[in-house]
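> Here's the letter readout for the chains.
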Amino acid sequence: MSRSRVPASRPPWPLVPFVLIAVAFLVLPFVALLQRTPWAGLGDLLRDPVVTQALQLSLVTSLAATAVAVVLGIPLAWVLARMRFTGRSLLRALVILPMVLPPVVGGAALLFALGRRGLLGEPVYEGTGFLLPFSMWGVIVANAFVAMPFLVITVEAGLRSVDERYEDAAATLGASRWMTFRRVTIPMAAPSVIAGTVLCWARALGEFGATITFAGNFPGRTQTMPIAIFIALERGDRDAAVALSLIMIAVSLAVLVPLRDRWLAV
Amino acid sequence: MSGYPGQWAAAVLIRGGLGPATLSRLGLSRFGLSRFGLSRFGLSRAELRRAGRLPAVVLIACAIFAMVLAACGGDASPGQSAPNGGGAKAVTGDITVFAAASLTDAFGRLGKDFEAAHPGAKVTFNFAGSASLREQILAGAPADVFASANETNMTPVVSGGEASGSATPFVTNQLEIAVPAGNPGKVTGLADFANSKLLIGLCAPEMPCGEFGREILSKAGIEPSVDTNETDVRSLLTKLEAGELDAGIVYRTDVLSAGDQVNGIEIPADDNVVAVYPIATLSASRNPSTADAFVRYVLSTQGQSTLRGFGFGPPT
Numbered sequence: 001m002s003r004s005r006v007p008a009s010r011p012p013w014p015l016v017p018f019v020l021i022a023v024a025f026l027v028l029p030f031v032a033l034l035q036r037t038p039w040a041g042l043g044d045l046l047r048d049p050v051v052t053q054a055l056q057l058s059l060v061t062s063l064a065a066t067a068v069a070v071v072l073g074i075p076l077a078w079v080l081a082r083m084r085f086t087g088r089s090l091l092r093a094l095v096i097l098p099m100v101l102p103p104v105v106g107g108a109a110l111l112f113a114l115g116r117r118g119l120l121g122e123p124v125y126e127g128t129g130f131l132l133p134f135s136m137w138g139v140i141v142a143n144a145f146v147a148m149p150f151l152v153i154t155v156e157a158g159l160r161s162v163d164e165r166y167e168d169a170a171a172t173l174g175a176s177r178w179m180t181f182r183r184v185t186i187p188m189a190a191p192s193v194i195a196g197t198v199l200c201w202a203r204a205l206g207e208f209g210a211t212i213t214f215a216g217n218f219p220g221r222t223q224t225m226p227i228a229i230f231i232a233l234e235r236g237d238r239d240a241a242v243a244l245s246l247i248m249i250a251v252s253l254a255v256l257v258p259l260r261d262r263w264l265a266v
Numbered sequence: 001m002s003g004y005p006g007q008w009a010a011a012v013l014i015r016g017g018l019g020p021a022t023l024s025r026l027g028l029s030r031f032g033l034s035r036f037g038l039s040r041f042g043l044s045r046a047e048l049r050r051a052g053r054l055p056a057v058v059l060i061a062c063a064i065f066a067m068v069l070a071a072c073g074g075d076a077s078p079g080q081s082a083p084n085g086g087g088a089k090a091v092t093g094d095i096t097v098f099a100a101a102s103l104t105d106a107f108g109r110l111g112k113d114f115e116a117a118h119p120g121a122k123v124t125f126n127f128a129g130s131a132s133l134r135e136q137i138l139a140g141a142p143a144d145v146f147a148s149a150n151e152t153n154m155t156p157v158v159s160g161g162e163a164s165g166s167a168t169p170f171v172t173n174q175l176e177i178a179v180p181a182g183n184p185g186k187v188t189g190l191a192d193f194a195n196s197k198l199l200i201g202l203c204a205p206e207m208p209c210g211e212f213g214r215e216i217l218s219k220a221g222i223e224p225s226v227d228t229n230e231t232d233v234r235s236l237l238t239k240l241e242a243g244e245l246d247a248g249i250v251y252r253t254d255v256l257s258a259g260d261q262v263n264g265i266e267i268p269a270d271d272n273v274v275a276v277y278p279i280a281t282l283s284a285s286r287n288p289s290t291a292d293a294f295v296r297y298v299l300s301t302q303g304q305s306t307l308r309g310f311g312f313g314p315p316t
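In order, the protein sequence lines correspond to chains A and B.
Using the working numbering, the first residue of the first sequence is number 1, and each one after it goes up by one.
Using the working numbering, the first residue of the second sequence is number 1, and each one after it goes up by one.
Hints were generated in silico from the structure; no laboratory data involved.
Facing chain A, a subset of chain B residues (Cβ under 7 angstroms, in silico):
1. A131
2. E135
3. A204
4. E206
5. D227
6. T228
7. N229
8. A242
9. G243
10. E244
C-beta: ideal position from N, C-alpha, C; glycine also.
Extracted from the complex, chain A is given alone in its bound form:
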């Protein structure tokens, strides 16, 4: 009953203004968005095929990009965290380059690499006629390119915090490296793996610049939600743009809020 309060649960007073500013800074734009929302037209908009197509495409492509990032990113994160070799910091810098690059530049780079006249794209196109840009596959590639670094650095940090002695113990008990990776390393790094996956998915869902540059914009094929929002704004249809943004926010919150409590609590 009379348990004394944990001192850390109360912020030291110098922090308070900063907390308030931080919250206001992050929340104010959304309050403004809510204030502008045309609630009456929301139902009609949700039934608009352009919107449903864009939403569906956004969900499918962001999830597919996340899957690609998990499959390719976790092994890469392990190499960065566990192996010692010259050029490791250079490799890490290269791998997180898409984070600092303006996404539009990333999209253009993808075009030069995988486009019809691209470094790798040209021989593939000549041989098979398969073309990434202007297709749903292009959207997935652009999303994965921009979002994967978020997974890689998060997982790498998580793997570094795993005590390697547990892995050594597993090895002395006869576990193979693959078994150790699967049964010891990954479970111990699970919170960061999940955090990285969520971060990566969120980044992929909101991706705009690389997608529009690499995959273009065509309703039902490459027009994701962020692009549909941009186009609605360009059209001068602020109501539609706001309503679409709200739908995106709702979808993201529906995923992020439950996850946060269950998995990401520190």
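Use these hints to put chain B onto chain A, whose structure you have.
Showing chain B alone in chain A's frame:
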């Protein structure tokens, strides 16, 4: 202070750097934030301490509450009417010109010439699709001059009272089919736009170049098989230059500026449309004398001859 918590929570936020001037610049003054008298707000240490004694959740709730309250305040405060620089008539200082993407090269040159003619004046450009620029201006972006690639995007700016006076047509532009160097898709005319085997790009219908392109195709009775609706003419041009598209409809001036990376194919005069570009000084300009001077320079014989050099036609 006996005021309700939201009031000083808001004050803390505002004192953190979000001044009323900044807010009104962002178009928030109409939310009535100034009713809190924030510019004169002083918080004592005691008040800040009191803030520290409340659980964080309460503080956050207060902050959100204050903002919602402010947002719902509705009735506008007068805000600050644009300070017009104390009536300085000299052509000097900085101006920002928002100009259609298709003007990138021509205005880049005009800006340099203008600065050379008026030492002390500095012109900064924001080139983008006219529709984006229109939205930015209507949202209160700090611009002095707006040059649009069509009337459609200028009209709301003028009717919204954002332009000082009316808009003046200053150039015309023609549209042309653009294909990558060497014409890999063997495009010969508008009819090829219906070929689904080719990779066809247009500007999005919301953009001037997209509006014109579709008008041309419908005049010619062609249903295009479009692969991408680019958001401005420059990004369409970039994809054509890279050879990632087989054909697109862009401005004649863009074909010229791309040099030998793209080839132009003329559109028959019967199908073609003429794009009329309007320019206007904006009422929010903080340097109207220099802004006016820039517009006059664009319309002057010298400015017009520069624009002709980039392939633009005379205003009709």
